[in-house]
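Protein chains: 2
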Amino acid sequence: MLLKNLFLKSLFLLIISILLSFQLYSHEEELYLMPMPREIKRLQGEFIIQKDFGINILGPYSHRVLKAKQRFLSRLAKRTGIFFSLNPEKLLLNLEYKKIAKLSLFMNESYLLKISENNILVRAETDIGIVRGLETLLQLLRNNGKNYFFPAIEIKDYPRFPWRGLLIDVSRHFMPVDVIKRNLDTMASVKLNVLHLHLTDDQGFRVESKSYPRLHEVASDGDYYTQSQIKEIIDYADERGIRVVPEFDMPGHTTSWIVAYPGLGSISMPYKMERAYGVKNPVLDPSRKFVYKFLEKFFKEMSKLFPDPYFHIGGDEVNGKHWNQSNRIQKFMKKNKIRNNKELQAYFNKKIQKILRKYNKKIIGWDEILESDLPKDTVIQCWRDKKILYQIIKKGYYTILSNGYYLDLCLPSSYHYLNDPIPEQIELFDSEKKRILGGEAAMWSELVNAENIDSRIWPRTAVIAERLWSSSDLKDISNMYKRLEKLSLYLDSLGACHIKNQEMMLRRLCNSREISILKEFIRVVEPVKYYSRHKSRPYTIFSPLSRVVDAAIPDPSFPRYFAGLVDNYLQTNDKGLENKILEILMRWKGLHSRLLQLSSNSPVLKEILPLSNNLSKISEICIKAIKMKNRGETMDIHWLQEAINALETAKQPYAELELIVVDSIEKIIKSLEK
Amino acid sequence: MLLKNLFLKSLFLLIISILLSFQLYSHEEELYLMPMPREIKRLQGEFIIQKDFGINILGPYSHRVLKAKQRFLSRLAKRTGIFFSLNPEKLLLNLEYKKIAKLSLFMNESYLLKISENNILVRAETDIGIVRGLETLLQLLRNNGKNYFFPAIEIKDYPRFPWRGLLIDVSRHFMPVDVIKRNLDTMASVKLNVLHLHLTDDQGFRVESKSYPRLHEVASDGDYYTQSQIKEIIDYADERGIRVVPEFDMPGHTTSWIVAYPGLGSISMPYKMERAYGVKNPVLDPSRKFVYKFLEKFFKEMSKLFPDPYFHIGGDEVNGKHWNQSNRIQKFMKKNKIRNNKELQAYFNKKIQKILRKYNKKIIGWDEILESDLPKDTVIQCWRDKKILYQIIKKGYYTILSNGYYLDLCLPSSYHYLNDPIPEQIELFDSEKKRILGGEAAMWSELVNAENIDSRIWPRTAVIAERLWSSSDLKDISNMYKRLEKLSLYLDSLGACHIKNQEMMLRRLCNSREISILKEFIRVVEPVKYYSRHKSRPYTIFSPLSRVVDAAIPDPSFPRYFAGLVDNYLQTNDKGLENKILEILMRWKGLHSRLLQLSSNSPVLKEILPLSNNLSKISEICIKAIKMKNRGETMDIHWLQEAINALETAKQPYAELELIVVDSIEKIIKSLEK
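Read top to bottom, the protein sequences are chains A and B.
The first sequence begins at 1 in our numbering and counts up one residue at a time.
The second sequence begins at 1 in our numbering and counts up one residue at a time.
Be careful, since some hints might not be right.
Straight-line Cα separation of at most 30 Å, BS3-like style, residue types lysine-lysine; simulated pairs [said to hold, decoys possible]:
| no. | chain 1 | residue 1 | chain 2 | residue 2 |
| --- | --- | --- | --- | --- |
| 1 | A | Lys67 | B | Lys41 |
| 2 | A | Lys67 | B | Lys181 |
| 3 | B | Lys606 | B | Lys629 |
| 4 | B | Lys181 | B | Lys41 |
| 5 | A | Lys210 | B | Lys69 |
| 6 | A | Lys67 | B | Lys272 |
| 7 | B | Lys90 | A | Lys606 |
Quick caveat, the hints were computed from the structure, so don't treat them as lab data.
Just so we're clear, the structure is a prediction, and the values are computed from it rather than from any experiment.
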């Protein structure tokens with residue numbers, strides 16, 4: 001009886017202590033992690049960071065871990081201002097791992113992170129797991145007003161998909177090495193693991209070739225990576241557990257190749273470097289032996305330079321016009337029973353595949369290569385339509401998704417976030433699901449340069465990274481945006497230029513350090529979406545990307561905040577909310593005249609005046625409407641019609657920009673109508 | 001008579017037209033050029049920049065000119081938003097030059113720039129003159145609210161001194177290639193022509209050596225330039241007409257060398273990488289043949305890598321302790337009749353000079369090498385005391401000045417600006433003056449890293465650049481600051497990070513995008529000057545450089561503005577000025593409590609609270625004093641004493657920062673006392 005009592009008592013105490021300390025952590029938003037780990041258990045207490053904080057490495061020699069440790073300590077010091085001891089006596093952060101990973105598609109990236117009051121453990125199978133775990137740890141940094149600390153916690157984490165990439169197009173606008181490096185840093189911080197470099201296109205050939213030096217000498221305007229820079233990039237990526245997949249887009253998108261070596265082209269004509277954008281005619285000639293000999297030697301060289309087992313061969317947007325125009329090619333097709341251009345491209349792809357197989361490279365290509373009857377280890381990148389994804393896996397290929405992840409279309413984070421590679425509504429066998437390897441955010445660079453590319457990639461790419469790493473259940477948009485805002489600030493401190501270069505661009509636009517007026521404007525507009533900008537202006541690689549539309553960002557946060565205020569106000573009729581809204585509307589009402597004045601010292605700003613004029617007008621109308629309602633006055637039908645006309649006008653884009661608070665203002669006005 | 005009349009009439013008209021159009025330009029401040037050109041004639045009218053603006057190159061093929069043209073057009077497009085035609089019909093900017101310069105000490109950098117309403121001419125002897133002229137042209141860009149234009153003008157320009165440098169210490173904190181490149185861009189924009197890289201020191205060896213790989217492998221923590229990166233830097237500099245002078249500091253400041261190859265050291269002991277700063281004991285052994293054999297092979301390799309005819313061998317701060325401790329060296333000295341350590345260093349220097357002469361390199365060194373009886377083509381860099389400059393030239397050497405140009409001391413621009421290499425009060429023969437080749441701003445990096453180095457170099461270095469390029473007559477401080485402010489904004493748009501990284505650091509410190517409170521504080525403080533920071537904290541290369549003192553800049557503009565307000569107010573007693581001052585004081589009065597609140601989410605800010613507390617207190621006192629005066633009340637002596645105590649307290653530095661508006665506040669309070 002006594003024993004039983006004691007047992008029950010102990011059990012009771014045990015349960016209590018479990019309840020107190022091991023409570024399943026439910027307020028995920030407070031952790032501000034992105035991507036959200038797979039399993040989180042919040043524990044009691046916190047680990048206070050002090051001067052005497054040392055790191056203990058328990059595993060085989062790993063350059064990656066040593067570098068990750070350096071980065072970790074330097075970032076922690078920067079954020080806390082703590083002068084860590086050079087020779088700390090207490091080694092409180094233990095990094096335990098078994099082996100050095102070789103970068104590859106199915107490498108083990110999992111880790112366990114356990115923070116208690118007295119020490120921290122990151123345990124992983126591989127050194128890359130340690131790299132991932134340290135990124136999570138840094139994101140956990142908090143303070144209580146007096147000390148910096150990590151909350152006690154236990155995290156088990158591993159990726160949902162093995163291929164989580166970012167494509168950077170360095171052909172349309174070249175991106176110097178430092179742009180690539182700072183993006184590798186930010187990629188690592190959200191656990192992306194593939195940098196896909198779109199190295200060649202009509203507008204430029206961006207890598208040094210020692211076998212065919214005219215490629216980079218003649219077809220790059222001097223902007224290309226030397227081979228030692230490529231090695232630098234690969235090493236930098238490797239330290240962060242990121243693969244580098246090179247893309248040599250062919251047989252289309254090859255003007256630069258053909259300008260350098262006209263014998264590669266399908267017809268004889270004077271080829272010139274392409275300065276404009278779109279689908280162009282120049283295309284490699286699949287009927288010539290010379291072309292394959294050339295590519296054999298070229299890929300032999302590149303296979304040594306790029307260690308990744310996958311080579312991307314492009315394959316998109318071949319219009320076949322030059323093939324149709326060439327008698328030689330037409331004869332070749334007849335002779336070889338090639339019935340159409342699709343089959344001709346398939347013939348070409350198979351030849352390329354055989355060349356690359358020789359150098360132990362597997363192929364990845366855009367979804368146009370689906371018809372080419374390639375080996376089943378080929379990866380096909382779905383971009384044109386998500387439906388193609390299912391054709392790809394039904395045919396037995398591997399696939400990664402980029403449709404829905406195109407960053408150049410300037411769509412909101414929420415759209416990308418909800419774009420799951422495996423949607424629920426379609427039934428797939430597990431064996432088929434496994435062939436969906438992941439996805440890639442794609443940063444095409446027709447309309448971005450080294451100055452503003454960060455503001456197109458970040459922070460939106462982080463939500464794609466979460467979609468590819470974290471549980472498919474995560475779908476809370478407002479929680480996502482909260483965490484994204486914090487992450488965005490963190491990326492800024494790691495070297496991303498999405499915030500700082502925007503401010504520089506505003507200073508240049510204002511011709512002054514005083515940018516508050518333009519800042520007020522820019523946070524309520526965004527660039528027009530999809531490919532509309534190309535319709536409004538004949539862009540080339542030399543066009544300035546320094547106008548307001550280039551400084552503006554997709555999916556700014558203020559309109560979301562305002563929409564929230566409005567919805568809340570319309571539901572509650574709360575006076576405090578009304579006053580907040582009126583205050584904002586008053587500022588917008590006065591914005592136009594202030595911008596008008598600003599533009600008198602900056603002609604480049606004139607193009608946005610129609611937008612500010614429209615905003616000021618509808619704000620004035622909305623203020624009046626609210627006041628009328630408060631006085632119990634009814635709306636005159638003519639007045640209302642004018643208001644509606646003004647709202648319609650305000651929806652029109654100017655200077656390739658759209659006002660994105662019109663809907664919220666419209667909601668207020670229309671609600672008062674009733 | 002008629003003829004004579006006609007002649008006089010013509011003459012009269014000619015004179016009038018000359019007076020109207022060729023008026024000597026007197027309002028230099030309106031041009032905002034820096035460095036100010038030597039001869040400026042303002043002409044009537046302006047050249048409007050339009051879409052169809054082409055550039056015509058008239059001279060032999062020059063990579064520099066082609067690149068300069070690219071940069072010019074891209075910057076012009078960025079600042080104006082103009083979509084320039086790809087194939088402009090009108091070639092309105094003519095670049096005329098005779099030859100390709102080889103980068104060297106006395107290369108011709110002069111140019112003529114003539115802007116008329118219809119076209120622009122840059123004419124130069126060499127392609128480097130064209131590069132200089134295009135920088136001036138870009139600085140002339142203006143707008144009239146509708147169009148962008150260049151004012152019609154004629155400029156004849158040429159440098160006062162041939163050696164106008166910036167030293168960057170990449171040893172104490174390594175500076176990645178992109179930091180060097182962006183600084184080369186800004187250097188070019190103010191016409192500096194020498195980048196002096198301090199490549200080695202106790203804390204790190206920063207260049208890859210293929211002959212002695214342990215140098216960079218063991219003694220750099222992995223942070224060094226590969227040889228291909230060095231070539232990249234040299235090419236980038238060459239395109240901008242900038243020489244790269246490497247420094248290999250010896251025989252002192254060589255811990256890193258000796259850690260890699262202990263046989264180079266003067267005594268046998270376990271050497272370790274130096275993490276702290278100051279003058280250290282490790283020193284090369286001048287008595288060993290091995291040392292000279294080593295350096296012979298090393299310099300042979302480096303001579304090929306660095307094309308400049310000058311190699312900097314350091315020579316500073318040898319304390320000789322290890323020489324004294326070595327019996328071997330003492331014996332060697334006796335045997336060779338070397339009486340003291342100075343003579344031993346001279347012996348070493350002469351050996352090094354002979355090695356370098358073999359590879360066609362001349363020597364430059366710090367002023368300690370003055371005693372070494374070196375060849376007269378040696379350049380001696382004056383740093384310890386400006387008096388040494390005269391000893392150097394009196395002895396027949398060449399010299400450049402760095403004393404008074406040390407950027408790490410955090411002194412104001414005005415101080416550097418007035419520091420002329422040739423002051424008026426000392427009589428020198430012309431032949432002696434010619435041996436003063438110029439000067440170098442020196443950015444020692446004990447307390448700067450890649451994040452904040454720009455804010456220490458820029459914009460202050462621009463005034464040193466002007467001192468070395470422009471007429472010695474220019475001494476107008478307030479005009480200098482006006483132009484400097486404009487230039488600072490221009491450098492920001494060229495890629496300098498002095499503004500943008502400060503804002504990032506403030507966001508990190510505030511843990512928020514909302515930084516206005518901290519910004520208000522940071523503009524009234526500056527880092528403590530000279531070497532005081534080293535006294536207050538034991539800095540090492542791992543110490544965080546992310547605190548408020550690191551984000552603060554030397555010589556901020558707001559205190560100058562405030563001092564001007566105060567002086568003006570005290571002279572005029574103007575009520576408008578009084579109100580402006582009161583408004584500022586009111587903000588400062590409330591600043592402390594706002595910072596207190598901010599720091600509750602950011603412990604790293606706590607250290608500045610004593611400063612904001614002091615500022616708030618003296619602001620409150622000053623407000624009271626002004627109000628008492630306005631009410632005609634007299635000051636109580638006790639109250640005044642307390643006020644004076646508070647002012648004295650407010651002069652104390654905290655967190656390595658000083659309030660720099662105390663003097664102005666003191667002026668107001670003391671003036672009211674009367």
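Comparing the hints with the structure gives:
Taken as a hint, the Lys67(A) and Lys41(B) pair is broken in the structure, with Cα atoms around 57 Å apart against an allowance of 30 Å. Restraint check: the Cα-Cα separation between Lys67(A) and Lys181(B) comes to about 24 Å, which is no more than 30 Å; the hinted pair holds. Pair hint Lys606(B) plus Lys629(B) does not hold up; C-alpha atoms about 36 Å apart against a cutoff of 30 Å. With a C-alpha separation of about 34 Å, the suggested pair Lys181(B) and Lys41(B) falls outside the 30 Å cut-off, and the hint is violated.
Distance hint between Lys210(A) and Lys69(B) is fulfilled; the C-alpha atoms sit about 28 Å from each other, no more than 30 Å. Taken as a hint, the Lys67(A) and Lys272(B) pair is honoured in the structure, with Cα atoms around 20 Å apart against an allowance of 30 Å. Proposed proximity of Lys90(B) and Lys606(A) is supported: the alpha carbons are some 26 Å apart, at most 30 Å.
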